[in-house]
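K.L.:
Could you put together the complete structure from these sequences and hints?
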Amino acid sequence: MNFDFSDDQKQLRDQARKFLTEKCSPKAVRAVLDGKAPYDKELWKGLAEMGFLGVAIPEDFGGAGAGHLELCVIAEEMGRANAPVPFSSTVYLAAEALLIAGSDAQKKKWLSAIASGEAIGTLALFEGKGNPSPKNVKLTAANGMLNGVKKPVADGAIADFAVVAARTGSSGRDGDISLFIVDLRDGGVEVKSLTNLDPTRGQAEITFRDCKAEPLGAAGEGWSILTQVLDRAAVLCAFEQVGGSDRALEMGRDYALDRIAFGRQIGSFQAVKHMLADMYVSATLARSNSYYGAWALSTNAGELPEAAAAARISATQAFQHCAKNNIQVHGGMGFTWEFDCHMYYRRANAMALGLGSLSYWEDQLIDRMRKKNAA
Amino acid sequence: MNFDDTPQEAEFRATARAWIGANAPKQYEDELRKSSLGRTQLKNANILDVAKAWQKKKADAGWACLHWPKEYGGRGSSPIERVIWQQEEGPFGQLSRMFIIGHGMCGPTMMAFAREEHKRAYLPPLASGEKVWCQLFSEPAGGSDVAGLRTRAEKDGDDWVINGQKIWTSGAHYSDYGILLTRTDPTVPKHKGLTMFFLDMKSPGVEVRPIKQASGASDFNEVYFTNVRIPDHQRLGEVGDGWNVSLTTLMNERSAIGAAVSTGFPELFEYCSSLMLDDGPAIDDRAVRAKLANWAVKASGLKYTSMRAISALSKGERPGPENSIGKLVAGSMIQDVATYALDLQGAGGVVSGEDAELAGRFQAMLLRAPGTRVEGGTDEIMRNIIAERVLGLPGDIRVDKDVPFNKIPTKGRD
Ligand SMILES: Cc1cc2nc3c(=O)[nH]c(=O)nc-3n(C[C@H](O)[C@H](O)[C@H](O)COP(=O)(O)OP(=O)(O)OC[C@H]3O[C@@H](n4cnc5c(N)ncnc54)[C@H](O)[C@@H]3O)c2cc1C
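Protein chains in written order, with the working numbering: chain X, 1 to 375; chain B, 376 to 789.
Hints in this document: simulated from the structure, not taken from any laboratory.
Careful: at least some of the hints might be erroneous.
In the SDA-like style, the derived pairs of lysine to any residue whose C-alpha atoms are separated by at most 25 Å in a straight line are [to be verified]:
hint, chain 1, residue 1, chain 2, residue 2
1, B, Lys678, X, Asn2
2, B, Lys776, X, Arg264
3, B, Lys567, B, Asp607
4, X, Lys371, B, Gly465
Footprint (simulated), chain B over chain X, 3 or more residues, beta carbon under 8 Å [said to hold, decoys possible]:
hint, stretch
5, 260-269
6, 357-369
Note that this is a predicted model, so its numbers are computed, not measured.
All residues carry an ideal CB built from backbone N, CA and C; glycine is no exception.
P.N.:
What follows is the structure, given as structure tokens:
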């Protein structure tokens with residue numbers, strides 16, 4: 001047993017951190033937050049040049065072919081930096097769907113475009129309120145044409161293509177759902193930007209009207225593919241959340257050392273110390289659960305479904321906990337637009353919903369644990 | 376990142392498994408499995424006798440205190456092998472809880488500070504369970520504030536003469552030896568006037584009085600010292616350096632206790648899988664699931680945190696204060712889990728003991744849990760440790776810092 005990242009992977013982490021510290025300062029994040037651009041194009045280009053976008057994409061399809069542990073390492077740094085780029089939608093959702101279910105031609109076309117930074121992808125799954133569930137998919141596909149409305153679609157307004165979940169049957173079972181790829185640049189769609197909790201990662205509504213679509217994976221296999229995609233994305237997002245938790249904790253700690261009240265550093269008050277200690281505890285538990293998820297993901301172990309749900313819940317809780325208490329430690333300053341605390345608070349709460357809510361994943365975890373115990 | 380055994384680890388596991396299969400006291404397996412929650416009792420046998428017999432058997436075959444050096448009664452195993460052993464030992468590992476203070480704290484302190492001839496004489500029988508050790512630190516005046524202790528040690532020829540009182544001493548009533556922290560100089564600031572010894576608990580002048588605990592059991596004691604003589608060669612570390620010596624013990628205490636704490640989660644999960652509520656199985660209930668999931672990720676988080684620590688250890692890195700989180704998280708978790716299990720039982724949950732659901736497992740857990748949050752450092756002290764040593768925040772303001780001990784006001788001080 002060796003439950004840690006390798007030295008090479010740690011080196012990659014240092015490299016990613018250095019790159020993001022330079023290229024993704026809070027000022028750069030703010031430019032997107034303030035609405036000056038829908039995402040940081042320069043950063044996106046830079047990420048492609050560094051090979052980070054295709055780190056887990058096989059070399060045959062234009063990637064670096066490193067693997068998912070390496071992607072986890074980079075994800076953590078993306079979360080630390082609060083990077084305002086469509087990384088999760090493109091790399092965790094669209095690329096993973098293609099890796100799992102794409103034909104060689106589809107992989108060649110889209111994965112290499114992702115790795116080179118030429119194409120932004122997303123997953124169009126949700127249709128309003130609610131969690132991942134076949135019965136919540138109303139958009140229909142017939143004769144290669146999609147009709148319906150998806151929202152919220154992460155980074156939908158800047159995406160070049162979308163993996164779309166559509167209803168192709170009416171049996172009331174999982175097999176009613178199939179996946180399609182839509183080149184959004186081809187028309188047939190109407191895209192509207194939505195305001196959202198975290199403007200550094202946009203959300204959109206996409207209306208499909210007799211929109212041409214190409215099947216991804218076998219008909220009726222959509223839900224089973226989606227479940228795998230969501231599990232993988234859950235682990236990868238967990239690393240972003242762990243990175244965000246750590247950064248929020250660090251910000252709180254630094255401020256507690258810096259700020260003086262009642263003639264003392266506020267970090268010498270036990271109420272503040274203990275709040276920060278609790279943040280450390282939740283961040284640590286999340287990190288450990290995520291490491292297990294990373295192992296399960298990288299080896300495609302049978303444990304992945306359970307490990308993914310545990311990582312998801314733990315990291316969601318930790319990021320929300322650290323982000324909110326970071327504001328508390330900062331007092332009034334923490335509530336200003338000017339301080340960076342709210343950027344992490346926004347990201348933490350947006351990420352808590354993006355793959356389905358916490359209660360959805362709680363259900364998943366218990367179902368999966370039961371299944372394992374029964375087996 | 377790898378969870379699989381290396382070929383050597385697999386071989387070690389197979390050997391351990393075979394030996395345990397052939398030698399463990401199987402007649403107690405079921406009882407031990409069910410009493411994993413702070414109520415280690417056996418119906419028809421004395422737990423200490425059973426524990427000692429199992430420990431001796433392990434020691435004779437080279438399976439005791441695996442990570443200790445061979446010359447001190449161990450096996451010289453790697454941290455990973457120790458974990459593999461624990462996994463394979465399963466419920467029988469419950470029995471080693473009887474020795475946790477000796478093996479987890481006293482032994483390592485002896486190893487770090489005792490003379491070589493003492494190490495060779497005292498450590499092997501400690502490892503084999505023939506001799507039981509206790510830790511005599513806490514006093515009425517000094518628990519969290521360990522350095523506030525008042526038990527006096529005064530030099531008299533080649534001996535030291537001890538007078539004073541200890542409290543909450545786990546296992547003192549069946550211990551053969553103890554490590555003892557004393558005050559040798561009350562005229563200097565409190566951390567500077569302490570000295571550590573080990574002593575024979577049967578020495579004249581040592582009186583052990585069991586205390587009845589909130590749980591109803593009596594696992595800890597008051598220990599009184601009246602002119603107890605300890606030879607100088609049983610001193611651990613320098614005169615006046617007792618604080619540093621005790622830090623070694625306390626660091627080991629946190630990892631020993633931290634690694635051994637149960638969370639109560641597997642028991643609760645199992646219970647909820649079979650329990651029927653008014654509307655159907657508990658595990659189908661949304662509210663129950665939310666609670667379970669929340670505790671599930673804490674339990675797994677702790678498990679993988681300790682695996683990360685072990686991986687670091689096996690690479691030669693030192694375990695740090697971050698190990699405090701095990702006890703901190705598990706302590707209140709076990710309390711909450713027990714409270715919740717009883718809540719699920721409704722009015723019937725009030726019944727405890729043999730007449731209760733599952734023979735009162737969760738009731739016993741509830742009554743033992745408060746102790747877990749206090750022993751080995753309270754939750755508050757654990758948070759201080761994380762805040763100060765891991766996060767680098769300032770220490771608490773100390774009004775007694777540079778004041779000679781005998782000038783510090785203490786409630787109840789004479
Ligand atoms: C089951 C059990 C077994 C034990 N076994 C042993 C043993 O074998 N040997 C031994 O030497 N001791 C043993 N102890 C003693 C244990 O180490 C002490 O009880 C513990 O350290 C707390 O000290 P105290 O009881 O004096 O509480 P106090 O120190 O009086 O604490 C009372 C309350 O004040 C809080 N508090 C105190 N100081 C601070 C601070 N600086 N900041 C914030 N809050 C603070 C505490 O957290 C607690 O809530 C055992 C205790 C228990 C419960």
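K.L.:
Please go over all the hints and tell whether each is borne out by the structure.
P.N.:
For each hint, the structure was consulted:
1. Only pairs whose Cα atoms come within 25 Å are accepted, and Lys678(B) paired with Asn2(X) is accepted, the gap being roughly 14 Å.
2. The straight-line distance between the Cα atoms of Lys776(B) and Arg264(X) is roughly 17 Å, inside the 25 Å bound, and the hint therefore holds.
3. Annotation: proposed proximity of Lys567(B) to Asp607(B) holds, straight-line Cα distance about 19 Å (limit 25 Å).
4. The suggested pairing of Lys371(X) with Gly465(B) holds, with an alpha-carbon distance near 23 Å, which does not exceed 25 Å.
5. Taking a C-beta to C-beta cut-off of 8 Å, the stretch 260-269 of chain X contributes 4 residues in contact with chain B, enough for the three needed, and the coverage statement holds.
6. For a cut-off of 8 Å, the count of residues in the stretch 357-369 of chain X with a CB near a CB of chain B stands at 7, and the three-residue condition holds.
Taken one by one, the earlier hints all hold for this structure without exception.
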